[in-house]
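A.B. asks: Each chain, written out:
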Amino acid sequence: MFYAQLAVNGLVQGLVVGLAALSITLVFGIARFPNAATGDAMTLGAYSGIVVHRGTGSLALGSIASVVAAALMLLGAYGLVFRRLAGRSVVALLVASIGIGFMVRAALGVVFGHSQMVFQLPLARPYVLGGLRVSPLDLQLAGIAALALLIVFVLLYLTPIGRQMRAVADDPDLARVSGIRPARVMLAMWTLAGAVAGVGGLMLGIKTIVAPEIGWELLLPAFAAAILGGIGSPVGAVVAGLVLGMAQEVSTPFVGFTYKIAVSFVVMLLVLLVRPRGLFGRVEATR
Amino acid sequence: MEAYLAAISIIALIYVLLSLGLNLQYGLTGLINFGHVGFFAIGAYTSAILAGRGLPLPACFAAAAVLAGLAAWPIGLISLRLRDDYFAIVTLGFSEIVRLVVTSERWLTNGVQGIPGIPRLFSSLSGPASQAATFAAILAVAVLAAWMMRRIARSPFGRVLEGIRDNEEAVKALGKDPTSFKVQVLIVGSALAGIAGAFYAHYITYIVPEQFIPLVTFYVWMAVIMGGVGRVSGAVVGAAILMLFLEGSRFIRDILPGISEVEMASIRLGLVGLMLVLFTLYRPQGLMGDYTRR
Chain A
30 MFYAQLAVNG
40 LVQGLVVGLA
50 ALSITLVFGI
60 ARFPNAATGD
70 AMTLGAYSGI
80 VVHRGTGSLA
90 LGSIASVVAA
100 ALMLLGAYGL
110 VFRRLAGRSV
120 VALLVASIGI
130 GFMVRAALGV
140 VFGHSQMVFQ
150 LPLARPYVLG
160 GLRVSPLDLQ
170 LAGIAALALL
180 IVFVLLYLTP
190 IGRQMRAVAD
200 DPDLARVSGI
210 RPARVMLAMW
220 TLAGAVAGVG
230 GLMLGIKTIV
240 APEIGWELLL
250 PAFAAAILGG
260 IGSPVGAVVA
270 GLVLGMAQEV
280 STPFVGFTYK
290 IAVSFVVMLL
300 VLLVRPRGLF
310 GRVEATR
Chain B
10 MEAYLAAISI
20 IALIYVLLSL
30 GLNLQYGLTG
40 LINFGHVGFF
50 AIGAYTSAIL
60 AGRGLPLPAC
70 FAAAAVLAGL
80 AAWPIGLISL
90 RLRDDYFAIV
100 TLGFSEIVRL
110 VVTSERWLTN
120 GVQGIPGIPR
130 LFSSLSGPAS
140 QAATFAAILA
150 VAVLAAWMMR
160 RIARSPFGRV
170 LEGIRDNEEA
180 VKALGKDPTS
190 FKVQVLIVGS
200 ALAGIAGAFY
210 AHYITYIVPE
220 QFIPLVTFYV
230 WMAVIMGGVG
240 RVSGAVVGAA
250 ILMLFLEGSR
260 FIRDILPGIS
270 EVEMASIRLG
280 LVGLMLVLFT
290 LYRPQGLMGD
300 YTRR
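Sequences listed follow chains A and B, in order. Start counting the first sequence at 30; every next residue gets the next number (the working numbering). Start counting the second sequence at 10; every next residue gets the next number (the working numbering).
Check before you lean on any hint, since a few could be wrong.
[What the hints assert, rightly or not] Label-pair restraints from in silico Cβ distances:
#1 Ser189/B - Val284/A: 32 to 38 Å
#2 Leu299/A - Ala274/B: 31 to 37 Å
#3 Gly126/B - Leu299/A: 38 to 44 Å
Hint data in this document are derived by calculation from the structure and do not stem from the laboratory. Even for Gly, the Cβ is constructed at its ideal location relative to N, Cα and C.
Whenever a hint applies, use it, and build me the whole structure from the sequences.
C.D. replies: The following block contains the structure:
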């Protein structure tokens, strides 16, 4: 029962990791590099959300601000930097994404300072379902995440632009000769990756605190989830995020509070050793 | 003033050692090591802990190099068979785990309070003389390391490394096993980072986990990228520029008094980010780079 409760607590954390991993895997599948600025896009989303929430009192407006800010940031990063590095080695893109992340984190640190901010939300009594306590806030957050995921998967699997994105992810050259315009796909992909990161950042900020480092600290579990799920697999990223989020919470009684981040690192190493293509990935992508 | 110059020269030489190690790994072989600070931390903590138990300092330095090198071994074996970008993620994760361990294992590392009172090198000499001797020692090690790097780069071994960087498939086709070369390079570079860590611990005399954040790794990356990838002179020039930048940002606060220490830390972080982006975009070869190839 105790562990079931921990698993329920880990659910929201898992959704946050899953959203971050989804953003990473979208970029990895199409632009083909691990985007280390994902965490800082989430942080930007959290700050935009908290500022608008404080200004207007509306969480809905706050969420929109999170999504828009993070999407604009990654679009800007693409337009100014990543687009010009197309065709260069992975390390160039990777180092540039680290640099962009640093700049965003620095700007947030200068503007908002390093003291933590907290979302002022009304406290509510938890529901008790069959002995498990579930807080209404967690349910709301899970609802937001579910809605965001629904929109992303509808876009990816039921619309023409989604089909084009998946085609480019499968085989860029074949997609090109089939008449798919890469520039449009890239814009759509970066918007989507940013929006997903924004939702994740907002949830992270509500669930914990808002500080300049929160996104960066989530980057490692998010990479681990993207690898566990299989690079380039959106479903895999979300499932793996949930698994890792819950695994971190459930393992806390055994390994202690500080080492729970290490759980995802160990899982990542095991996956790389045993099954580098992850749960849902294709064979060719890893070696 | 002389004391200040000696102090920043010693720190600069520590960065030269770190840059030489990364230059061997990334510049020559193409390994994207994002966890350099992890090996630096292992070296610093190993030497500090052993010195605290009364071991003579040369033995501590040797242990720092050996342990940092040994730590690199399994990491290399697991991840170097995979794609480059996976290796980057694994090493970044490794350096964060090292920081978690030194933060949590209080019985060994004294946790967040850190290890104070680490013995200085040449502590039997007077203050300035001891500093001069430390400077001479680290300069000697750095010169030796730079000379070794040049020898490695020009040896048949070094040509294989360049081959791995430029075309791994071709190296495989010639019957060489790139993974074993990469593991050796990772171990040598990490051992060098371990020695740099030992110098750091015994010079600063006080280490806490906060000194070993990933930002340090990217300072070294900045030095290697700015100086010139794959060039020994580049590592030295890059480390010098890095030092100018780190120390210079301290003086900005004297000119613009309104900036707090925390804001300065953010500005420094942002400038490192900007440099990484600008150099990747416009000057991928760095300042001292090899312009004969792309």
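A.B. asks: Hints first: check each against the structure and report whether it holds.
C.D. replies: Tested hints:
1. About 34 Å separates the C-beta atoms of Ser189/B and Val284/A, a value consistent with the hinted range of 32 to 38 Å.
2. Remark: the range hint 31 to 37 Å for Leu299/A to Ala274/B is upheld by a beta-carbon distance near 36 Å.
3. Between Gly126/B and Leu299/A the Cβ separation comes to about 40 Å, which falls inside the hinted range of 38 to 44 Å.
The earlier numbered hints are all upheld by this structure, with none contradicted.
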